[in-house]
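Asks: Sequence:
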Amino acid sequence: MLRCKMLMQLAKTHYLTWCRKLILSKAFSISAPCCVRMNEINIQMLSESLYNQIFKTLPAQSNKSLSRKNGNEFETLKARMQKIEKHLVEHNLWGRDPVLISDVDLELPKLLGNNLDEHMQEIAAMQISDYVRLAELLISTTLPNKPLEWRFEKGWTKYLPDGSAVPVEFPEEDVLVFDVEVLMNEGHYPTLATTVSDKYWYSWCSDYLIADKFCWTQDIHLSDLIPMEGVSSRTKEGELQKRLVIGHNVGFDRSFLKEQYYTRRTNMRFLDTMSLHIAVCGLTSFQRILYQASKTHSNRKEVREYTEKQFQFNHTPGEDWKEVSGMNNLSDVYQLHTGREPISKEERKVFIEGTMKDVREQFQQLMNYCSGDVEATLETFRSLWPEFNDRFPHPVTLAGMLELGMGYLPINRNWERYIEQANATYEDLQRESKLLLMGLANDACQLLESTEYKNDPWLWDLDWTVKPVKLKKITKKKTKDKPALEEETAEDRVKRVLESQERIPKNMGHKPGYPDWYRELCPKENSEEWKRGPSLISSQVRVAPKLLRLTWDGFPVHYSEKYGWGYLVPGRTDNLLSPELQENLDNEKQQRFPTEALYKLMGVPLEKDEYGGMTARQYEDFVNSKINSDGMDPDESSRHWKATGMKVKPQLKFTKKEQELDHIGDGPYTDEDIPGCWFFKIPHKDGKGKRVGNPLAKNYVNMIENGTLRAMSGDMANLVLRNSNACSYWKMNKKRIESQMTVWFKKKELSKQVLRSMEDAEDGMFGAILPRIISAGTVTRRAVEPTWLTASNAYEDRVGSELKAMIQAPPGYHFVGADVDSQELWIAAIIGDSYFAKIHGCTALGWMTLQGKKSDKTDLHSKVAETVEISRDHAKVFNYGRIYGAGQKFAEKLLLQFNHKMTEKEAKEKAAIMYKTTKGVRKKETGEWDGGSESAMFNKLESIAKSSEPKTPVLSCSISKALEPDNVNDDVCI
Numbered sequence: 001m002l003r004c005k006m007l008m009q010l011a012k013t014h015y016l017t018w019c020r021k022l023i024l025s026k027a028f029s030i031s032a033p034c035c036v037r038m039n040e041i042n043i044q045m046l047s048e049s050l051y052n053q054i055f056k057t058l059p060a061q062s063n064k065s066l067s068r069k070n071g072n073e074f075e076t077l078k079a080r081m082q083k084i085e086k087h088l089v090e091h092n093l094w095g096r097d098p099v100l101i102s103d104v105d106l107e108l109p110k111l112l113g114n115n116l117d118e119h120m121q122e123i124a125a126m127q128i129s130d131y132v133r134l135a136e137l138l139i140s141t142t143l144p145n146k147p148l149e150w151r152f153e154k155g156w157t158k159y160l161p162d163g164s165a166v167p168v169e170f171p172e173e174d175v176l177v178f179d180v181e182v183l184m185n186e187g188h189y190p191t192l193a194t195t196v197s198d199k200y201w202y203s204w205c206s207d208y209l210i211a212d213k214f215c216w217t218q219d220i221h222l223s224d225l226i227p228m229e230g231v232s233s234r235t236k237e238g239e240l241q242k243r244l245v246i247g248h249n250v251g252f253d254r255s256f257l258k259e260q261y262y263t264r265r266t267n268m269r270f271l272d273t274m275s276l277h278i279a280v281c282g283l284t285s286f287q288r289i290l291y292q293a294s295k296t297h298s299n300r301k302e303v304r305e306y307t308e309k310q311f312q313f314n315h316t317p318g319e320d321w322k323e324v325s326g327m328n329n330l331s332d333v334y335q336l337h338t339g340r341e342p343i344s345k346e347e348r349k350v351f352i353e354g355t356m357k358d359v360r361e362q363f364q365q366l367m368n369y370c371s372g373d374v375e376a377t378l379e380t381f382r383s384l385w386p387e388f389n390d391r392f393p394h395p396v397t398l399a400g401m402l403e404l405g406m407g408y409l410p411i412n413r414n415w416e417r418y419i420e421q422a423n424a425t426y427e428d429l430q431r432e433s434k435l436l437l438m439g440l441a442n443d444a445c446q447l448l449e450s451t452e453y454k455n456d457p458w459l460w461d462l463d464w465t466v467k468p469v470k471l472k473k474i475t476k477k478k479t480k481d482k483p484a485l486e487e488e489t490a491e492d493r494v495k496r497v498l499e500s501q502e503r504i505p506k507n508m509g510h511k512p513g514y515p516d517w518y519r520e521l522c523p524k525e526n527s528e529e530w531k532r533g534p535s536l537i538s539s540q541v542r543v544a545p546k547l548l549r550l551t552w553d554g555f556p557v558h559y560s561e562k563y564g565w566g567y568l569v570p571g572r573t574d575n576l577l578s579p580e581l582q583e584n585l586d587n588e589k590q591q592r593f594p595t596e597a598l599y600k601l602m603g604v605p606l607e608k609d610e611y612g613g614m615t616a617r618q619y620e621d622f623v624n625s626k627i628n629s630d631g632m633d634p635d636e637s638s639r640h641w642k643a644t645g646m647k648v649k650p651q652l653k654f655t656k657k658e659q660e661l662d663h664i665g666d667g668p669y670t671d672e673d674i675p676g677c678w679f680f681k682i683p684h685k686d687g688k689g690k691r692v693g694n695p696l697a698k699n700y701v702n703m704i705e706n707g708t709l710r711a712m713s714g715d716m717a718n719l720v721l722r723n724s725n726a727c728s729y730w731k732m733n734k735k736r737i738e739s740q741m742t743v744w745f746k747k748k749e750l751s752k753q754v755l756r757s758m759e760d761a762e763d764g765m766f767g768a769i770l771p772r773i774i775s776a777g778t779v780t781r782r783a784v785e786p787t788w789l790t791a792s793n794a795y796e797d798r799v800g801s802e803l804k805a806m807i808q809a810p811p812g813y814h815f816v817g818a819d820v821d822s823q824e825l826w827i828a829a830i831i832g833d834s835y836f837a838k839i840h841g842c843t844a845l846g847w848m849t850l851q852g853k854k855s856d857k858t859d860l861h862s863k864v865a866e867t868v869e870i871s872r873d874h875a876k877v878f879n880y881g882r883i884y885g886a887g888q889k890f891a892e893k894l895l896l897q898f899n900h901k902m903t904e905k906e907a908k909e910k911a912a913i914m915y916k917t918t919k920g921v922r923k924k925e926t927g928e929w930d931g932g933s934e935s936a937m938f939n940k941l942e943s944i945a946k947s948s949e950p951k952t953p954v955l956s957c958s959i960s961k962a963l964e965p966d967n968v969n970d971d972v973c974i
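Be aware that the sequence shown starts at 1, since it is given in the UniProt record's numbering, and climbs by one per residue.
Derived by calculation from the structure, the hints in this document are not laboratory data.
No farther apart than 30 Å at their CA atoms in a straight line, the calculated lysine-lysine pairs in the DSSO-like style are these:
1) K901 - K854
2) K838 - K946
3) K731 - K524
Only a predicted model underlies this, so the values are computations on that prediction, with no experimental measurement involved.
Using the sequences and the accompanying hints, generate a full structural model.
Replies: Listed below in structure tokens is the structure:
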């Protein structure tokens with residue numbers, strides 16, 4: 001996917017002028033479907049005119065004469081056709097009418113080579129040639145001597161070989177190794193920086209550091225940033241000179257450079273040594289866990305499970321990958337690639353915890369620390385650069401990395417308005433939820449006097465212990481004999497009451513007379529957070545689900561100290577005893593649980609009648625068909641169940657007869673001994689055996705939406721759930737969004753194009769964000785950035801989810817977007833077709849990608865959905881996951897997540913069917929996959945992965961050394 005986007009980006013500039021002329025001249029024609037080219041299996045191909053232009057070295061009909069070598073014989077076209085027909089018949093795709101569209105005949109710009117690959121190589125080589133030359137310059141030159149003393153002066157200082165120093169506007173050379181340090185307590189302002197070229201060292205100091213200025217605002221302007229370019233860096237034609245900046249995690253350093261915020265694009269590019277390291281020998285996320293555990297002797301759960309799997313497979317894990325790779329921080333990367341001692345990071349604490357005064361006092365030491373990072377980065381680059389070029393020879397790879405490092409997000413006043421409104425709405429909803437929960441807590445607390453809490457299936461096991469008011473002891477005084485109470489006059493009574501005030505202590509303690517669970521929700525009076533009532537309550541506290549009277553599929557939730565949150569399914573009889581025996585039990589749960597109240601509330605009969613034979617599964621279906629989705633209080637719910645015609649018995653009559661338990665869920669756990677109920681755990685996203693800490697957490701938002709989680713405390717309680725759902729996005733992303741480094745422009749700093757178009761602007765406030773992208777942040781060289789590259793689409797009921805819409809083009813500019821629909825499937829299909837019979841659409845995957853239609857369920861997603869009996873949206877998730885390497889176990893786990901009512905057996909059967917029809921079955925004789933719609937594609941990918949030097953099929957990129965077969969010893973767990 002990433003490589004395709006690179007190709008599109010690289011070709012965009014070359015085609016832009018041509019496309020504009022083409023549209024204006026309308027220099028194209030459309031042919032009737034009768035003239036279309038078809039391949040051997042009746043799939044429409046490119047028009048002959050386009051084919052001849054794109055594949056100019058091959059005749060248009062040459063694909064029919066292709067043959068494929070198989071062993072010592074050549075497979076004829078007829079034999080291949082029989083093979084293709086058999087395969088497509090097995091998947092019910094052979095003989096269907098083709099989908100025809102009109103041919104588009106247009107004149108393309110001439111290719112820069114003999115084919116598309118050469119064309120893209122030429123474009124990429126032109127883009128990167130100057131930057132490669134600059135990088136090679138640093139490889140071959142000697143680093144200048146570092147200055148003995150750094151100048152404490154504002155702006156840039158240049159250090160000459162004779163030891164003198166002069167102020168400069170910006171570093172003059174075209175290739176630099178750069179590092180910036182930021183004092184975290186001062187915000188996003190750069191504090192100091194150093195850089196080195198092939199000739200000179202440079203240092204930069206901020207105005208706030210030198211002048212001891214107080215920062216009155218957190219808003220950042222261009223004048224606060226580091227200049228790197230100017231008029232003197234322009235060519236004779238007026239264009240900015242092509243320049244290269246090298247750094248470790250250089251996307252962070254780039255965000256502090258002034259010219260990078262201009263709307264006019266510069267020719268400066270950034271090369272990241274962290275990305276080079278990850279591409280060459282990076283670790284997967286799981287390998288990082290194992291690597292750190294080996295260094296610290298950690299006993300993490302993931303490590304224990306890995307060790308158990310190795311023992312299960314009787315496999316000796318390869319350890320060589322730990323020797324050829326390491327973590328991504330500069331110290332470890334420097335040590336790995338240069339073989340030298342790790343660099344000290346002790347001074348870094350000053351920038352994390354210190355003040356500007358600390359930086360001034362330790363200025364020379366901190367400048368040496370910053371320049372030390374520059375030296376380490378340069379030495380690391382010199383070691384990595386030749387290896388990177390050897391393992392990633394195609395120029396498109398480097399060109400894509402350079403382009404990905406140039407992210408630019410324009411913003412305006414709507415950005416600040418968005419944050420203000422999101423915060424205001426979030427706080428309002430949180431405040432409303434708190435007040436509603438406080439009301440529920442107060443209502444529940446009032447049940448103490450009547451002891452009705454004992455009959456509540458949710459509140460019965462809260463700590464209702466009451467702390468009494470402790471009065472002072474009566475002091476003995478020599479007084480006249482007091483009259484007996486029956487002889488007291490009104491005057492005596494008043495006098496006695498007034499005298500008792502001496503017994504009242506000055507400090508009454510915290511909430512005497514209230515139950516302990518309620519007292520924990522109330523701040524103490526001497527606390528800074530003191531507010532009247534249970535103001536510490538929130539949806540995160542353990543008592544909240546009980547106050548809301550949450551149900552899971554209609555069953556009341558229950559918290560177990562051993563198993564976490566679960567729910568109670570009525571119908572268990574083996575632990576029901578007579579009331580007489582119950583009174584003598586030591587088990588407090590057996591003594592206290594209101595079995596009768598629960599059964600009465602839910603309308604479940606305890607003796608055989610017209611509903612007595614109802615199983616737990618049948619009862620669940622009945623509950624889900626009858627329950628009011630708006631929620632009901634207990635009295636209303638009880639009346640509701642009576643109205644359904646179910647006979648609610650006024651007295652429990654216990655029976656010993658076992659009832660059939662066919663409820664599907666994570667359980668039952670019989671040692672959680674709740675009379676008359678089976679305990680099931682609420683499903684965890686990571687599968688069975690995991691504890692659920694809070695059913696109102698973000699992972700259960702969709703369960704609130706689909707009604708699986710409901711509140712039985714009435715409309716107010718359901719409003720709390722809806723508010724929790726609405727706040728979920730902002731709660732998870734608020735900190736990351738607010739911490740974005742936004743730079744605002746003054747009017748004189750705006751480009752002429754923006755100024756000319758400002759009549760349409762609302763208030764003339766414009767700025768930009770530079771996303772701190774790691775251009776190759778994973779072993780697959782996928783770009784990584786925590787906020788923008790993972791931003792979701794907007795949801796109407798999610799506060800703040802409209803994040804992407806806040807990136808708005810400045811006046812005079814427009815966003816232009818391009819995308820290839822289902823490009824991963826296209827690439828996978830081409831790989832499979834080329835391996836199977838070298839004809840487009842010869843595999844079921846290729847045919848469904850080229851010819852499949854959603855309307856007749858012949859596209860891949862519809863086909864899998866129909867085969868496994870799941871929704872098309874769910875099938876789409878499985879299909880992409882499978883192509884990226886997800887196995888059958890993952891599919892089973894995902895099926896259970898999508899449908900918590902599905903049994904493990906059902907999930908296993910569905911996953912087996914899915915993988916048999918798609919990936920196929922591995923043949924014992926050859927070890928290849930066979931019989932699936934994607935078998936050929938997986939066979940080709942496996943042949944690449946198992947080769948001695950695995951390389952990608954198009955760009956010939958090597959995989960990370962940490963994943964090479966020789967280094968992992970075919971470790972199936974990695």
